[in-house]
Amino acid sequence: MSVLLDHLPELWQGLLVTFQLTAASFLGAAVLGVLVTALRVSPVRVLRALGTAYVETFQNLPLLVLLVLAFFGLPEIGIKADLRVTAIAVIAVYEAAYIGEALRSGVNSVAKGQGEAARAIGLTFGQSLRHVILPQALRTVVQPIGNIFIALTMNTALAAAVGVVDLTAAANRVNLLEAQPIPIFVGAGAAYALIAACAGFVTGRLERRLAILR
Amino acid sequence: MSTALFDEPGPRARRRIRIATVAGTLAALALLALAVRQFAANGQLDAARWQPYATWPMWRYLLTGLWSTALAAVVSAALAMALGLVLALGRLSRHRLLRVPAAAYVEVVRTIPALLLVYVVLFALPKYGLDLPLFWKLVVPLSVSNAAAFAEIFRAGIRSIERGQGEAGLAVGLTHGQTMRLIVLPQAARRVLPSIVSQSVGLLKDTALGFVVSYAELLYSGKVLAAYNGYLIQTYLVVALVYLVVNASLSKLARTLEARRRAAPAIPRTRRRFARA
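As you go down the protein sequences, you meet chains A and B in turn. When we follow the numbering used here, the leftmost residue of the first sequence carries the number 1, and every step to the right adds one. When we follow the numbering used here, the leftmost residue of the second sequence carries the number 215, and every step to the right adds one.
Any given hint could be a false lead.
Stated by the list, open to error - Derived Cβ-Cβ restraints for the label pairs, each shown as a range: (1) A:Leu176 to B:His390: 16 to 26 Å; (2) B:Ser428 to A:Ser2: 31 to 41 Å; (3) A:Ala190 to B:Leu306: 23 to 33 Å; (4) A:Leu176 to B:Ala234: 47 to 57 Å; (5) A:Leu210 to B:Ala296: 34 to 44 Å; (6) B:Arg310 to A:Leu35: 46 to 56 Å; (7) A:Leu210 to B:Ala244: 37 to 47 Å; (8) A:Leu83 to B:Val459: 45 to 55 Å; (9) A:Pro9 to B:His309: 42 to 52 Å; (10) B:Pro266 to A:Gln13: 35 to 45 Å; (11) A:Glu178 to B:Glu472: 20 to 30 Å; (12) B:Ala296 to A:Arg205: 15 to 25 Å; (13) B:Pro271 to A:Leu176: 45 to 55 Å.
What the hints assert, rightly or not - Dumping the calculated SDA-like pairs for lysine to any residue here, alpha-carbon to alpha-carbon at most 25 Å: (14) B:Lys466 to A:Val162; (15) A:Lys80 to B:Gln252; (16) A:Lys80 to B:Leu259; (17) B:Lys341 to A:Thr57; (18) B:Lys466 to A:Glu56; (19) B:Lys466 to A:Val186; (20) A:Lys112 to B:Arg228; (21) B:Lys466 to A:Ala53; (22) A:Lys80 to A:Leu4; (23) A:Lys80 to B:Ala440; (24) A:Lys80 to B:Leu246; (25) A:Lys80 to B:Ala249; (26) B:Lys466 to A:Leu4; (27) A:Lys80 to B:Thr217; (28) B:Lys341 to A:Leu4; (29) A:Lys80 to B:Lys466; (30) B:Lys466 to A:Leu50; (31) B:Lys341 to A:Leu50; (32) A:Lys80 to B:Val250; (33) B:Lys466 to A:Val93; (34) B:Lys466 to A:Thr57; (35) B:Lys466 to A:Ala38; (36) A:Lys112 to B:Ala440; (37) A:Lys80 to B:Val452; (38) A:Lys112 to B:Arg476.
Rather than coming from a laboratory, the hints here were simulated on the basis of the structure. This structure is a prediction, so every number in the text was calculated from the model and none was measured. Where a beta carbon is used, it is the ideal one built from N, C-alpha and C, also for glycine.
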């Protein structure tokens, strides 16, 4: 146990980096995911095809392959960025495919009649989206998005494999130094489990608050 | 086509769709042109840098890597499914002593990154005298982490079977074990098949962790190759393409199975708790 306390600064720094990666890439993934959803539900065939291609590509590539490609490939074509920024961008791009799918299934879960009724009473596209479609769509996606958030948190650990010193990498380093794997890895695992538990708690609360009984 | 968002387009909407089509195509082409320019400006489009990837020895090497990927994926999937089934049955058991540990395993493991488990196998177990061969250093952590996902899929499948099925089994005098084995599981297995296939795609993606373990699967083979010939971006792009083709085919299979399942008599949908992301 004392080994955790001795190396608290490094582990804490690693945890902060994990937080940073998680928060920033989730934000990026949310923005990109909304864009992808917009493409996929649009009435324009070319845009739909682009959205589908995006989702198909990024759901079927391992994140680690994308990270490796970005870390070693991008500098080769003259794009150099900070390690952490690259990791955030790659994770955001990857997870956006999943968020896009979740949002799309939310939008698709809204009955067609809802939109028709909204237009029939004269709401504009923006109004029917804001007052009719989205409130119903977002309710159904709270749980899936929460699951994606947990998966994203776990996926940020992959950044450790390409050299970002997050919680996983910090734990590994401390272990190489101290050779006391049990407390160190259990501690790191507990930290991840705690983040996931918080996310699960928040989505549970949100879902209960938003739920409507029909 | 009318959806919740849009009506059948009228003349004005059709004109807008045409404009958006042109704009969208142009934007996509511009992005593509930008990428090509960036490649060309850095000399990455030289024929000499791509030519090796058109030769058979290169593909034999990469396909050997793909074979190792497939082997690791199949063995981990088999182990993870076996463990997952045991966990699912444990979680649905009438005995607390089985229910609680199974639930704890699933809830804890599903929140721990696979890479952390890989590090445990790589750096912690040898200290306790358990130094596995390379192959198992990849397969064991993947099986451990995917077992939780499979357990949840099986559990959802078993619970989706109408109660009457199990009750009928008990009524004709089968034991609980027999009812599960002869009546509930065969039906549940058929229902969860699409989820199993898509979870297996996720598992196949996880085998890329061989990169960390130095097990010569596809991505690690790419790493070795790139270190040897120095064509980083080309190698990793080709590797990515192979992953894409294999996984997209498997995902397509999952969708076909799902469509076929839906075409079959109406069956209540089960909610999936695992987002593969």
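Just to be careful, I want the Cα atoms of B:Lys466 and A:Val93 compared with a cutoff of 25 Å; is the pair within it? holds (22 Å)
Within 31 to 41 Å or not, the Cβ separation of B:Ser428 and A:Ser2? For A:Ser2 against B:Ser428, whose Cβ atoms are near 33 Å apart, the range 31 to 41 Å holds.
Kindly confirm whether 20 to 30 Å is satisfied by the beta carbon distance between A:Glu178 and B:Glu472. Between A:Glu178 and B:Glu472, where Cβ atoms are some 49 Å apart, the hint is violated.
Just to be careful, I want the Cα atoms of A:Lys80 and B:Thr217 compared with a cutoff of 25 Å; is the pair within it? violated (43 Å)
Just tell me: holds or violated, for the beta carbon distance of B:Pro266 and A:Gln13 against 35 to 45 Å? Since B:Pro266 and A:Gln13 have Cβ atoms about 42 Å apart, the given range 35 to 45 Å holds.
Given the proposed pairing of A:Lys80 with B:Leu246, does the C-alpha separation stay at or below 25 Å? holds (19 Å)
Take a quick look at whether A:Lys80 and B:Lys466 sit within 25 Å of each other, Cα to Cα. violated (36 Å)
Between B:Arg310 and A:Leu35, does the C-beta distance stay in 46 to 56 Å? The hinted range 46 to 56 Å holds for B:Arg310 and A:Leu35, with Cβ atoms some 48 Å apart.
Given the hint that A:Lys112 pairs with B:Ala440, test it: the Cα-Cα distance must not exceed 25 Å. Status violated; Cα separation ~52 Å.
Tell me if the straight-line CA distance from B:Lys466 to A:Leu4 falls inside 25 Å. violated (46 Å)
Decide if the proposed pair is consistent with the structure: A:Lys80 and B:Val452, CA atoms, cutoff 25 Å inclusive. The hint holds at about 21 Å.
That 45 to 55 Å hint for A:Leu83 and B:Val459 (C-beta), does it hold up? violated (30 Å)
Figure legend: structure checked against the earlier numbered hints; hints not met, in rising order: 1, 8, 11, 12, 13, 14, 17, 19, 22, 26, 27, 29, 31 and 36.
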